[in-house]
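Undergrad: From just these sequences and the hints, can you work out the full model?
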Amino acid sequence: MEGIDFGFGLSKSSSVQLDKVDLTLYRRLEALEPGVRVCMACGSCTSTCTAGPWSGMSVRKVILNLQRGKDVGRMLSCCMLCGKCTMVCPRGINTRHLILSLCRIYEKV
Amino acid sequence: MENKNVLVIGGGIAGMEAARRLLQLGCEPVIVEQSDHLGGHVAGWHKLFPDMMSAPELVEQMAAGLDGVTVYYRTRVANMNRLGSGYSVMLSNGMSLQCGAVLISTGFRLFDASKKEEYGYGVYDHVVTNSDLEAWFGGAPDDRIPDSPARVAFVHCVGSRDLKAGNPQCSKVCCMTAIKQAIEMKEKFPSAEVWCFYMDLRLFGKKYEDFYIAAQRDHGIHFVRGRVSEVSEDIHGHVVLKAEDTLAGTPVKLNADLLVLMAGMLCNDDTQGLARMVHADVDSDGFMRSRDNIYRINESNRPGIFFAGACTGTKTVPETVAEARAAALDIYNYLNGRD
Ligand SMILES: Cc1cc2nc3c(=O)[nH]c(=O)nc-3n(C[C@H](O)[C@H](O)[C@H](O)COP(=O)(O)OP(=O)(O)OC[C@H]3O[C@@H](n4cnc5c(N)ncnc54)[C@H](O)[C@@H]3O)c2cc1C
Ligand code: SF4
Ligand code: SF4
Ligand code: SF4
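So the sequence lines, in the order shown, correspond to chains D and A.
Take the first sequence: its position 91, counting from 1, is numbered 91 in our numbering, and each next residue is one higher.
Numbers in our numbering are just positions in the second sequence, counted from 1, shifted up by 1000.
Calculated directly from the structure, the hints in this document are not laboratory data.
Ideal placement from N, C-alpha and C gives every residue a C-beta, glycine not left out.
You can take every hint at face value.
Beyond 10 angstroms from chain A on every Cβ pair, some chain D residues (computed):
hint, residue
1, 6
2, 16
3, 18
4, 78
5, 80
6, 100
DSS-like, lysine-lysine: derived pairs with alpha carbons at most 27 angstroms apart:
hint, chain 1, residue 1, chain 2, residue 2
7, A, 1206, A, 1047
8, A, 1164, D, 84
9, A, 1186, A, 1206
10, A, 1164, A, 1253
11, D, 84, A, 1115
12, A, 1172, A, 1047
13, A, 1253, D, 84
14, A, 1047, A, 1186
15, A, 1047, A, 1188
16, A, 1242, D, 84
17, A, 1207, A, 1188
18, D, 70, D, 12
TA: Here is the structure:
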């Protein structure tokens, strides 16, 4: 049937198969910054981030994307390592160290 | 009963209800209350969820059952020692008591919202707490509340679920209080837009979800899932909130005429001191430690020392009242040598 043009294509499903997610990056981050486990996705980090509104930087999204097996390399490059997010995190996560740790992981891969 | 005297420390609704029941059971309760009135925090609220019952009327009704109970106002426990099978107590007013059992019903302390400096309580002109708003609903004047606010914002979890504020626990009643108060504000100011900024909505009790549905359906209250990270004040005196709308994944700002902070419930300052006097334990959350948190919530680890109400953790009014009744029966049985 190859080569026949039906006039439409199939778009890829955006659904994430949770049991097939590749958690390699997330596990490595967990080892370097165990605090990542207690994120409650409150968004304080994102809301307070000076770079956020212009660059899309969001610690919350970085963490969530890693937990869903997605790449976050592009977002990381927007962080200025100012540490404001660490000041506001209600779960006391060292988000600045979290980002630094991720940068190290990305350097290695 | 060898010694029918029961010292009740704290005359909030927990202490009041326990004293009333102890009296009915033939005991002789004595209430020691540090303030000048009974009812504790509830005496300062306006209407109680979920029935929107009048809080002052409830306190009044409960007080009517206390005929025959000695109440010492503006009084605290100065000293308390185990003596024989009971306790020997010195009060700050110079009185001394020998009692067979002691009920600790000292309640909670509201989180001091000025400690979350980023929200500007006590600094900006139009920032109040849940407690201030209850007082205002009850008729107390408050200059911080504008005559006709166009936008009102509620911030959940102020001093709760927050390690930086020293309290990782959820205060459990404030989501419900926020929605109740949001509806009440909307009823007072129908043209106002009302916003609730929450992390999770915890509406765990009987008919609580009805309030959430009514807030959405009948009152058009806006819900934003994101924790407010900071608040500033503009030149017009508006409060400007910053948060992330975590469901949309975008940072958001809101200019509001009034900000209401949902201050959480913490253990009382005295908890540690009282516990030390009778060698009772303080739990890891700072509240009094019950023998367990499932079956023996009313009992301490010391003979003759019992608990009721918010001194062991955040409680609603019906939970507090039910515990007070249970504690009264536990004390009665204890004084009669039954477990
Ligand atoms: C803003 C807000 C709104 C609320 N609205 C509702 C509602 O609508 N419905 C509902 O079900 N629940 C509501 N609650 C919960 C309710 O307030 C509590 O369940 C209730 O106050 C608990 O009663 P209590 O007697 O244990 O403690 P408290 O009310 O704190 O009373 C304790 C009493 O002990 C006294 N005391 C403390 N220490 C000492 C001491 N060392 N010596 C002598 N006396 C002492 C205090 O002065 C006080 O009178 C609300 C809570 C908040 C914060
Ligand atoms: S450290 Fe990076 S992510 Fe955190 S607030 Fe600063 S720029 Fe934003
Ligand atoms: S502030 Fe902390 S808990 Fe909140 S989303 Fe960011 S990392 Fe997670
Ligand atoms: S009840 Fe709601 S507002 Fe109160 S601490 Fe819990 S989640 Fe926050």
